[in-house]
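Enquirer: One letter stands for each residue in the lines below.
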Amino acid sequence: MPNQTHDDITDLIPAYALGALDADEAAQVEQHLTTCARCQADLAAYEAVTDMLPQAAQKIEPSPALKKRLLAQIQTTNTAVPPAPSRWQTWIDNLHQLWRTPRWQPVLALAAVAVLIAAFILWQQAPPAPQQIELTATNAAPDAEGVIEIATNGRATLTVNGLPPLAAEQQYQLWLIEDGQRASGAIFSVSDTGAATVTITAERPLATYSAFGITIEPAGGSPGPTGERVLGHNL
Amino acid sequence: MIQSHVFGEAFLSTIQYRTVLTAKDEYQVCVDVKQLDDLTLMRLIAQGNEAALSELYDRYSRLVLSIAYGVVQNRQTAEEVTLDIFTRAWEKAATYDPQQAKVSTWLVRMTRNRAIDWLRREKIRPFQHSISWGDVTPEAVATENQTETAVQSNLQQQRVRTAVASLPPDQQEALALAYFKGYSHSEIAQVLNQPLGTVKGRIRAAMQKLRVLLEE
Ligand SMILES: [Zn+2]
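Note that the protein sequences, when read in sequence, are chains A and B. For the first sequence, the working numbering assigns the number 1 to the initial residue and increments by one for each residue that follows. For the second sequence, the working numbering assigns the number 1001 to the initial residue and increments by one for each residue that follows.
No lab work stands behind these hints: they were computed from the structure. All values reported here derive from a predicted model rather than from experimental measurement. Just so you know, even glycine gets a beta-carbon here, dropped at the ideal spot from N, CA and C. Some hints could be false.
Claimed, not checked - Cβ pair distances, simulated, as ranges:
| no. | chain 1 | residue 1 | chain 2 | residue 2 | range |
| --- | --- | --- | --- | --- | --- |
| 1 | B | T1149 | A | T208 | 35 to 45 Å |
| 2 | A | T226 | B | A1165 | 34 to 44 Å |
| 3 | B | P1169 | A | Q75 | 40 to 50 Å |
| 4 | A | Q170 | B | E1215 | 42 to 52 Å |
| 5 | A | Q75 | B | S1186 | 39 to 49 Å |
| 6 | B | R1121 | A | T76 | 17 to 27 Å |
| 7 | B | D1097 | A | P223 | 21 to 31 Å |
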């Protein structure tokens, strides 16, 4: 391929950013881009233009049913946050490949022992599972579900589903109960589908409370529970 | 003063939260997804937060659907593409890299690519290219309850429309074929029955003018 000069290539950058170059020209641009800072800067500017273009598209309003379908779909595939493909597994697979190569076998035999020892140490250090506290729905919100999860570092989150969305002047409030005293743990609103995830704030570790409850309160929360209880748990 | 024992997720530091001080000196964290920026929404989505996905959809479903419709020119298919994009956002949120692109850009690029893939798979090459950019006249958008971000994005949209509308019609047409159909220079030349050089000139002139008009 002839050594393209900057002047030949610079005119192609706008079309390259748009993805409109034919394959041969695109390849020439790519090669030149590896060495030309001016063209790289031009490309960034034209890519920004390209990314803005859809703002000028004819606007279409999604049908309300589409959002319902999306939310229903993610409920069924609620393996959200799937465990990332284990690097460990990939590594073991690679080792298997190597194992088939005879000259690596003695080295690998030693390595395998080291891995076993390392795995044993890791296993001994495996953290305890996070603690979960399930909340039970009351008649006020029979479809509601809630769970408090306390991570091993003491951090706690509340996740709810199926709580009725409230008017703007109301919010839900989580109460942490001990010896008849009720402390506020979170004040929150829920999505259209009644879902929310909030971080719980407390004076002391959550495991030391004897009960939890969620009530409907004026927006911003109350000093103590005043409204109807929708979810609860007695330890 | 009671020593406060604060529980918080790692993402908490990036969440805009308000603390409410009560008589008991407790700090309470109250998260309203509407107040969160796009990046924080993505982090919550990566943790499986449905309220955050719902908010992302409310912010960008119109844009995503409009791109998909521009490409496939069929409402039902465009809605399927939109559903697919937000399902992918739900599943792939953890792989989103803020260094690479803004959240909106990430969605826009993914939508354009997916929709054009669909077009190529279905081998749809209509003779009639009824491609047009949106009307320049401002849309009647409800402005009450709009966040500052929403107002900003409406202004931005207006700016881009005005810029595209200022291009000669033949440049608008070539640009639309490249952006929405993913056509190359030679494909556009074939479709419009114009010399290749003419098409190259139109695309270049259109992009150069838009760059001048849209650069901050
Ligand atoms: Zn150059």
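Enquirer: Starting from the range 21 to 31 Å, see whether the pair D1097/B and P223/A falls in it by beta-carbon distance.
Expert: violated (44 Å)
Enquirer: Quick check on a hinted range of 40 to 50 Å for P1169/B and Q75/A, using CB atoms only.
Expert: Cβ of P1169/B to Cβ of Q75/A: about 47 Å, so the range 40 to 50 Å holds.
Enquirer: That 35 to 45 Å hint for T1149/B and T208/A (C-beta), does it hold up?
Expert: holds (41 Å)
Enquirer: Should the hint that Q75/A and S1186/B are 39 to 49 Å apart at their CB atoms be regarded as holding?
Expert: holds (46 Å)
Enquirer: So does T226/A sit 34 to 44 Å from A1165/B, Cβ to Cβ?
Expert: violated (56 Å)
Enquirer: Do the Cβ positions of R1121/B and T76/A conform to the proposed distance bound of 17 to 27 Å?
Expert: holds (25 Å)
Enquirer: Verify the CB-CB distance for Q170/A and E1215/B against the hinted window 42 to 52 Å.
Expert: holds (47 Å)
In the structure shown, a violation is registered for the earlier hints numbered 2 and 7, in ascending order.
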